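Line by line, the protein sequences give chains F and V.
Per this note's numbering, the first sequence starts with residue -5, numbered consecutively.
Per this note's numbering, the second sequence starts with residue 63, numbered consecutively.
A hint or two may mislead.
[As the list claims (entries may be wrong)] For lysine-lysine, the following BS3-like pairs were computed, each having C-alpha atoms within a straight-line distance of at most 25 Å:
1) 188(V) / 114(V)
2) 188(V) / 89(V)
3) 145(F) / 0(F)
4) 188(V) / 32(F)
5) 89(V) / 205(V)
6) 33(F) / 188(V)
[To be verified] Computed footprint of chain F on chain V, listed as stretches where at least three residues anywhere in the stretch have a Cβ under 8 Å from a Cβ of chain F:
7) 142 to 155
8) 176 to 186
Keep in mind the hints are simulated off the structure, nothing from the lab.
It should be emphasised that the depicted structure is a prediction, and the values quoted were computed from it without experimental measurement.
By construction, the Cβ of each residue, glycine as well, lies at the ideal position given by its N, Cα and C atoms.
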Amino acid sequence: MSWNRKHLLDIQSLDVSEIETILDTARAFKAVGERAIKKVPALRGKTVVNLFIEPSTRTRISFELAALRLTADVINFTAEASSLKKGESLKDTAQNLEALNADIFIIRHSATGAPHFLSRFLRGSVINAGDGAHEHPTQALLDTFTIREHKGRFQGLNVTILGDILYSRVARSNIWALLKLGAHVTLCGPSTLVPRVFEEMGCRVVYDVDAAIENADVINLLRIQHERQRKTMFPSINEYTSLFGLSKARFARTKPDVLIMHPGPINRGVEINSEVADCERSVILEQVTNGLAVRMAVLFLVNGGKGPQELAH
Amino acid sequence: MPEPTVILTPSALNRVLTRMAHEIAEKNEEGSQVVLVGIPRGGTALAARLSKLLEAIWQHPVPAGSLDVSMHRDDLGSHVAPVVHGTSLPCDVDGRTVVLVDDVFFSGRTVRAALDALHDFGRPRKIQLAVLVDRGHRELPIKPDFVGKNLPTSRQERVDVRFKEEHGEDAVHLHRLGAP
Chain F
-5 MSWNRKHLLD IQSLDVSEIE TILDTARAFK AVGERAIKKV PALRGKTVVN
45 LFIEPSTRTR ISFELAALRL TADVINFTAE ASSLKKGESL KDTAQNLEAL
95 NADIFIIRHS ATGAPHFLSR FLRGSVINAG DGAHEHPTQA LLDTFTIREH
145 KGRFQGLNVT ILGDILYSRV ARSNIWALLK LGAHVTLCGP STLVPRVFEE
195 MGCRVVYDVD AAIENADVIN LLRIQHERQR KTMFPSINEY TSLFGLSKAR
245 FARTKPDVLI MHPGPINRGV EINSEVADCE RSVILEQVTN GLAVRMAVLF
295 LVNGGKGPQE LAH
Chain V
63 MPEPTVILTP SALNRVLTRM AHEIAEKNEE GSQVVLVGIP RGGTALAARL
113 SKLLEAIWQH PVPAGSLDVS MHRDDLGSHV APVVHGTSLP CDVDGRTVVL
163 VDDVFFSGRT VRAALDALHD FGRPRKIQLA VLVDRGHREL PIKPDFVGKN
213 LPTSRQERVD VRFKEEHGED AVHLHRLGAP
């Protein structure tokens, strides 16, 4: 077990033992969520700010509930109803919140590196809840947590990530985490969204979806992000569905113990067939449950990340 | 680091545990209501050991489990986050007599956290405290019901309790850290 960081900014800079510490800690917090009393006082008296400059519902709610289950106080700050609209800079916004004695800042921003920027001058902890197309570390942690619960290992495991890789921070964080943990990562999707340059990270890039999924132990489907794409990336949603969608016919040719994952929100009938999304190999809702546990673990760990100290009895 | 002082040899540890089990049995006439709850790490193996000894005395199984207290500590945020261990309680604690078990009793803060953590799982009829080594330096008004060995120590010393199940040997050692 080792964790001595004040911030969680990305997966890229974590080592394997740090990732495993988060996953092990998350297991204990998952058990807390299954009790009659789902709350522990670990962050009692702390103030957590959800600084969501880019709209998000599920990640914000997950972080909010995680903080509440740790007995922290939570402020939700959204760009739509904020001083940012009046021309205030991100730095000033964050420092104003810190002047209210906030302890932990959870930030989502459309600009890559925004959490790293805040971490340079804020006294509190910073957690990246998604920055541009760069990273979304807690999503990768909840995905690896879910995989570990089902498969028990990463070494030699074949994980296929299917869909929009280029614009996906979920894909980047997952790739870093999975490669560090020893899994084989295959990427597949339209060539405009899955450039060969990902091979330099150590991934296999395949454009034939059947080849990409036939030996997969895990298939992680990414949503086609209409809001991020220029129209030129692929001709039509229907074409995407017919070439890359996980149809019943394609699902029938996968391994019998394959795990179907999706970070949500799912577009039924686009990247995944509706029945496949609800089948017993799909762990999409488990991912949501595990996300809460992982975010509790991250909040718990960064709260103590100040320096190594021996704990007395 | 200087050689550690041996406080309890394997056979002495066995005798101490046997006495503690008899004291627990003496204080609790209704053995069927007793559940042993160890505080990780050291208390978990100790609770399992005491449960076996009590089974021999009472002639019925005595449930033993473990209770994570790391989320209830009062020093979170001023230290690096502690290791979170799982909680596994073998039965409902409502209405039962819970004997909390820890290997080394020091400031009392761990036991304070354990009392809070246990409260999240129900309302025991009674809670008692069994510790193998009481090394003093109490910071809270908490007193154990069953003590294996009273061992006055200085703050510069560390008590190391080792169990066969976890460390391959039974022993209690006293280490001196740094200059006296």
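(Q) Against the 25 Å threshold, does the CA-CA distance of residue 188(V) and residue 114(V) hold or violate the hint? (A) holds, 21 Å
Q: Check, residue by residue, whether the stretch 142 to 155 of chain V contains three or more positions whose beta-carbon lies closer than 8 Å to a beta-carbon of chain F, and give the verdict.
A: holds (count 8)
Q: Three residues minimum, CB to CB under 8 Å: does the stretch 176 to 186 of chain V make the cut for coverage by chain F? Let me know.
A: holds (count 4)
**Q.** 25 Å Cα cutoff - pair residue 33(F), residue 188(V)
**A.** Roughly 23 Å separates the two Cα atoms, so the pair holds.
Q.
Need the status of pair residue 188(V), residue 89(V): alpha-carbon distance at most 25 Å?
A. holds, 12 Å
(Q) Hint check: residue 145(F) vs residue 0(F), CA-CA at most 25 Å. Holds or violated? (A) At roughly 30 Å apart (the allowed maximum being 25 Å), residue 0(F) and residue 145(F) break the hint.
Q: For the pair supplied as a hint, residue 89(V) and residue 205(V), confirm whether the alpha-carbon distance does not exceed 25 Å.
A: With a Cα-Cα distance of about 16 Å, the restraint between residue 89(V) and residue 205(V) holds, given a limit of 25 Å.
Q. Straight-line Cα separation of residue 188(V) and residue 32(F) no greater than 25 Å?
A. Answer holds: residue 188(V) to residue 32(F) is near 23 Å, not above 25 Å.
Hint 3 alone, counting from the list given before, is not met by this structure.
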